[in-house]
Amino acid sequence: MDPVKYRNLFLEEATEHLAEIGRALLELEKDPRAGAPLDLVFRLVHSMKGMGASLGYDAVSDLAHKLEDRLGRWRARGGIDEPEGLPLLFRSLEALERMVAEVRATGGPPHPAPETVAALAPAEGEPEPRKKAPPQPARVMG
Amino acid sequence: MAVRVLVADDARFMRQLIREIIEAEGFEVVGEAADGRAVVEEFTRLHPDVVTMDIVMPKRSGIDAVREILALDATAKIAMVSALGQEALVMEALQAGASDYIVKPFKPDAVIATLRKVVEKEQ
Chain A
1 MDPVKYRNLF LEEATEHLAE IGRALLELEK DPRAGAPLDL VFRLVHSMKG
51 MGASLGYDAV SDLAHKLEDR LGRWRARGGI DEPEGLPLLF RSLEALERMV
101 AEVRATGGPP HPAPETVAAL APAEGEPEPR KKAPPQPARV MG
Chain W
1 MAVRVLVADD ARFMRQLIRE IIEAEGFEVV GEAADGRAVV EEFTRLHPDV
51 VTMDIVMPKR SGIDAVREIL ALDATAKIAM VSALGQEALV MEALQAGASD
101 YIVKPFKPDA VIATLRKVVE KEQ
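Protein sequence lines, in the order shown, are assigned to chains A and W.
Heads up, the first sequence is in my numbering, so the first residue is 1 and it goes up one at a time.
Heads up, the second sequence is in my numbering, so the first residue is 1 and it goes up one at a time.
In isolation and in its complexed conformation, chain A is listed as follows (with noise of 0.2 angstroms):
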């Protein structure tokens, strides 16, 4: 693997998806329990967090994993349904951003955002859901 070509990669896409989320989260602003939005943030963290994996990224794969969690669950009761989520995840977003932007500028690892990590893992006695099942083609197509 060559590790130039693949920051690259993930420099590129990282990006996009970025870019993405933030329309995403425009969108969820106007209505916290708009599926495809949700769904679409689901989908764009998960692929971050792969791809932070693949390079040794920790930093983007830990947050993007938590981050995945925690939209896993908002998904499961069908929308974001606490006030602090939104915020959240515009933090969330930023984090992300800010590792990106790190690693395009240092050509290494990102450093970790502990904070924000520990902001999105569930409340005590919250219990786990099972993840569910991969966006549907009714709500994500549009």
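Some clues are possibly wrong.
[To be verified] Cross-link-like lysine-lysine pairs, in silico, DSS-like; alpha carbons within 30 angstroms at most: (1) K107(W) - K5(A); (2) K107(W) - K59(W); (3) K107(W) - K117(W); (4) K59(W) - K30(A); (5) K121(W) - K107(W); (6) K5(A) - K59(W).
Please keep in mind that the hints were generated in silico from the structure rather than gathered at the bench.
The structure displayed is predicted, hence computed values, not measured ones.
Based on the hints, put chain W in the right spot on chain A.
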């Protein structure tokens, strides 16, 4: 004759990585698909020996695509591509008829061993 593989993943990064790993071992990537609808279309067109199928994809999930492909060809061989935290979905895919699974981040030896096992599997 090289094993003909169809690679389905919505991330270019992952498609490229799988391609690189399996081509280095003499497999032939005959096609790529970036969503769950395209993989069914490409399967019908290309008739690959094996499909690597991401689970989380747009338009149609990898699990739904497995069901559709197997409805078209009950002998199709499909290896799911999964990640940490997707154990329940992998089980669902195997119950739907997928042959086996590979895990991200990829360990090249494990990817190759799994694909060889899937291709050699009796129906």
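Status of each hint after checking the structure:
1. Our distance criterion of 30 angstroms between C-alpha atoms is met by K107(W) and K5(A), whose separation comes to about 18 angstroms.
2. For the given pair, K107(W) sits about 28 angstroms from K59(W) by alpha-carbon distance, which is consistent with the 30 angstroms threshold.
3. With a C-alpha separation of about 15 angstroms, the suggested pair K107(W) and K117(W) falls inside the 30 angstroms cut-off, and the hint holds.
4. For a cut-off of 30 angstroms, the pair hint linking K59(W) to K30(A) stands: about 23 angstroms separates their Cα positions.
5. Distance hint between K121(W) and K107(W) is fulfilled; the C-alpha atoms sit about 21 angstroms from each other, no more than 30 angstroms.
6. Proximity of K5(A) to K59(W) is assessed by CA-CA distance (about 29 angstroms); at most 30 angstroms being required, the pair is judged to hold.
Of the hints listed earlier, there is not a single one the structure fails to meet.
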